[in-house]
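Chemist: Chain residues, written in single-letter form:
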Amino acid sequence: QKEVEQDPGPLSVPEGAIVSLNCTYSNSAFQYFMWYRQYSRKGPELLMYTYSSGNKEDGRFTAQVDKSSKYISLFIRDSQPSDSATYLCASGSGNTGKLIFGQGTTLQVKP
Amino acid sequence: GAVVSQHPSWVICKSGTSVKIECRSLDFQATTMFWYRQFPKKSLMLMATSNEGSKATYEQGVEKDKFLINHASLTLSTLTVTSAHPEDSSFYICSARDSGIISEKLFFGSGTQLSVL
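Protein sequence lines, in the order shown, are assigned to chains W and G. Take the first sequence: its position 84, counting from 1, is numbered 84 in the numbering used here, and each next residue is one higher. Take the second sequence: its position 65, counting from 1, is numbered 65 in the numbering used here, and each next residue is one higher.
By construction, these hints were calculated from the structure, which means they are not laboratory data. The C-beta atom is built at its ideal place from N, Cα and C for all residues, glycine as well. Possibly wrong hints are sitting among the right ones.
[As the list claims (entries may be wrong)] Keeping only pairs whose Cα atoms sit at most 27 Å apart, straight-line, the calculated DSSO-like set for lysine-lysine is:
1. W/Lys98 x G/Lys14
2. W/Lys98 x G/Lys66
3. G/Lys41 x W/Lys98
4. W/Lys2 x W/Lys67
5. G/Lys20 x W/Lys110
6. G/Lys41 x W/Lys70
7. W/Lys2 x G/Lys64
8. W/Lys56 x G/Lys64
9. G/Lys41 x G/Lys20
10. W/Lys70 x G/Lys105
11. W/Lys98 x G/Lys55
12. G/Lys105 x W/Lys42
13. G/Lys41 x W/Lys2
14. G/Lys14 x W/Lys56
15. W/Lys110 x G/Lys14
16. G/Lys14 x G/Lys42
17. W/Lys2 x G/Lys105
18. G/Lys20 x W/Lys42
[As the list claims (entries may be wrong)] Cβ pair distances, simulated, as ranges:
19. G/Ser89 x W/Glu5: 33 to 41 Å
20. W/Lys56 x G/Thr17: 43 to 51 Å
21. G/Thr80 x W/Ser12: 38 to 46 Å
22. W/Glu45 x G/Gln29: 34 to 42 Å
23. W/Ser12 x G/Gly16: 36 to 44 Å
24. W/Gln108 x G/Ser9: 22 to 30 Å
25. W/Pro8 x G/Gly61: 16 to 24 Å
26. G/Leu68 x W/Gln108: 32 to 40 Å
Next comes chain G alone, as it looks inside the complex (with noise of 0.2 Å):
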């Protein structure tokens, strides 16, 4: 299956630092890819698409300016969380999807926990 890698799997900042997440889709061309927020025991919260080559869409409550997302290749997104504070420490997921073929099937990386201190 298609593989995503998700890099650091792990980071802890001091509150105000920014922390840059990246992810990769390894053996295949992503256009698009998303990016999550999910908290202990509970659901996958949709953060932004992320489109190669132009502005990423976000959804509904999420800061701009707080989370930037770059997507500069079809093969690399990046989430950076800038001035972190301890409320945005988090387990967050990217997720791809293959340009190269019709289906809707997402794959994930295996998440990058951000403890704020």
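Excised from the complex, chain W in its bound form (with noise of 0.2 Å):
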């Protein structure tokens, strides 16, 4: 079993939809959980980081950790075409810096 377990998608939905994008994980000893957006041939870029369980917003997107399910999920509101790209999840743990991260979930934002 996959530390970090996500499906690849592709997920297509139609412009202003809200999107639901989700892992699992199964190291109960990750503490910190964090969502990636990489576009193609491009490396990923920070969008949300989480330390406990909970909801974290920014902007259109929000971050929502459940660890007594070791369950997590990427929300985007009024999604648009550029938010078209994969979406990867993380996690770690310690101070070492090494994230486990999911296979990545791609998205298509139709216009």
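Make one complex out of these two single chains by using the hints.
Modeler: Encoded structure:
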């Protein structure tokens, strides 16, 4: 079993839709959770970073962590074609900086 | 936000040659940098942790002699793919953590697409 599981999609939605991206993890030691956005042939860009269970909102993005079920989510409101990219969840623990990434979900927002 | 510059963005080389990829933190110091490899439609696979002034720590299954890492300064880490072969063709990405703040956030370079003929 992979430590971080993510449905690769692809996920296709119309412009303006609410997008829900999800990951599960198996390592109870994970302490922090991140969402990265990656455009084709580019490096990942940090979108959201959370430490505890609950919700964290930043503009159109909301990250949600449920440590009891080991479930992490990213919600995108009013999705735009420019949101079309691959979204990677990542988790880690300790102070090593080592992150375990999910496979990434490819999102396409159609105009 | 912090900027990580990775160069070159793409490189084509002949089989048997060596290729060097640079990763620089432009506006912060990074005692630790990370090197990843990514195949199409796959996740990032951590190859090694680059530590300034000391030897890199390689993940299981990654050949140390094939992928040479040097982290000679607080802002520069290099990955050299030695005697490259077609199976080494991949997208290589570096990341860095700001040593000046307590944070687990990683900032990524733009990646290097390596094609070995």
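Chemist: Look at each hint and say if it fits the structure.
Modeler: Evaluation of the provided hints:
Taking the CA atoms of W/Lys98 and G/Lys14, the gap is about 33 Å. The hint is violated against a cut of 27 Å. A distance of roughly 22 Å separates the Cα atoms of W/Lys98 and G/Lys66; the hinted pair therefore holds under the 27 Å criterion. Of the pairs offered as hints, the one joining G/Lys41 and W/Lys98 holds, with about 21 Å between alpha carbons and a cut-off of 27 Å not exceeded. Our distance criterion of 27 Å between C-alpha atoms is met by W/Lys2 and W/Lys67, whose separation comes to about 17 Å.
In summary, the hint linking G/Lys20 to W/Lys110 is not supported, as the alpha carbons are separated by about 39 Å, beyond the 27 Å threshold. Between G/Lys41 and W/Lys70, the direct Cα distance comes to roughly 24 Å. Compliance with the 27 Å bound is thereby established for this hinted pair. Distance hint between W/Lys2 and G/Lys64 is fulfilled; the C-alpha atoms sit about 24 Å from each other, no more than 27 Å. Straight-line distance between C-alpha atoms of W/Lys56 and G/Lys64 comes to about 40 Å, which puts the hinted pair past the 27 Å bound.
A threshold of 27 Å between alpha carbons decides the hint, and for G/Lys41 with G/Lys20 the separation of about 24 Å falls inside it, so the pair holds. Distance restraint check for W/Lys70 and G/Lys105: the Cα-Cα separation of roughly 20 Å lies within the 27 Å cut-off, and the hinted pair is therefore satisfied. At roughly 16 Å between alpha-carbon atoms, W/Lys98 and G/Lys55 fall within 27 Å of each other, so this suggested pair holds. This hinted pair checks out: G/Lys105 and W/Lys42 have alpha carbons roughly 18 Å apart, not beyond 27 Å.
Only pairs whose Cα atoms come within 27 Å are accepted, and G/Lys41 paired with W/Lys2 is accepted, the gap being roughly 16 Å. Distance restraint check for G/Lys14 and W/Lys56: the Cα-Cα separation of roughly 48 Å exceeds the 27 Å cut-off, and the hinted pair is therefore not satisfied. Of the pairs offered as hints, the one joining W/Lys110 and G/Lys14 is violated, with about 40 Å between alpha carbons and a cut-off of 27 Å exceeded. The suggested pairing of G/Lys14 with G/Lys42 holds, with an alpha-carbon distance near 25 Å, which does not exceed 27 Å.
Proximity of W/Lys2 to G/Lys105 is assessed by CA-CA distance (about 22 Å); at most 27 Å being required, the pair is judged to hold. The suggested pairing of G/Lys20 with W/Lys42 holds, with an alpha-carbon distance near 18 Å, which does not exceed 27 Å. Checked against the hint of 33 to 41 Å, the pair G/Ser89 and W/Glu5 fails, with Cβ atoms roughly 27 Å apart. Take W/Lys56 and G/Thr17: their Cβ atoms lie about 46 Å apart, and the range 43 to 51 Å holds.
Our hint of 38 to 46 Å for G/Thr80 and W/Ser12 holds, since their Cβ atoms are close to 40 Å apart. For W/Glu45 and G/Gln29, the hinted distance range of 34 to 42 Å is not satisfied, since their beta carbons lie about 21 Å from each other. Roughly 43 Å separates the CB atoms of W/Ser12 and G/Gly16, a value that falls within the hinted 36 to 44 Å. About 24 Å separates the C-beta atoms of W/Gln108 and G/Ser9, a value consistent with the hinted range of 22 to 30 Å.
Between W/Pro8 and G/Gly61 the CB atoms are about 22 Å apart, so this pair conforms to the stated range of 16 to 24 Å. For the pair G/Leu68 and W/Gln108, the supplied restraint of 32 to 40 Å holds, since their beta-carbon distance comes to about 39 Å.
Consistency with the previously given hints fails for numbers 1, 5, 8, 14, 15, 19 and 22, ordered from lowest to highest.
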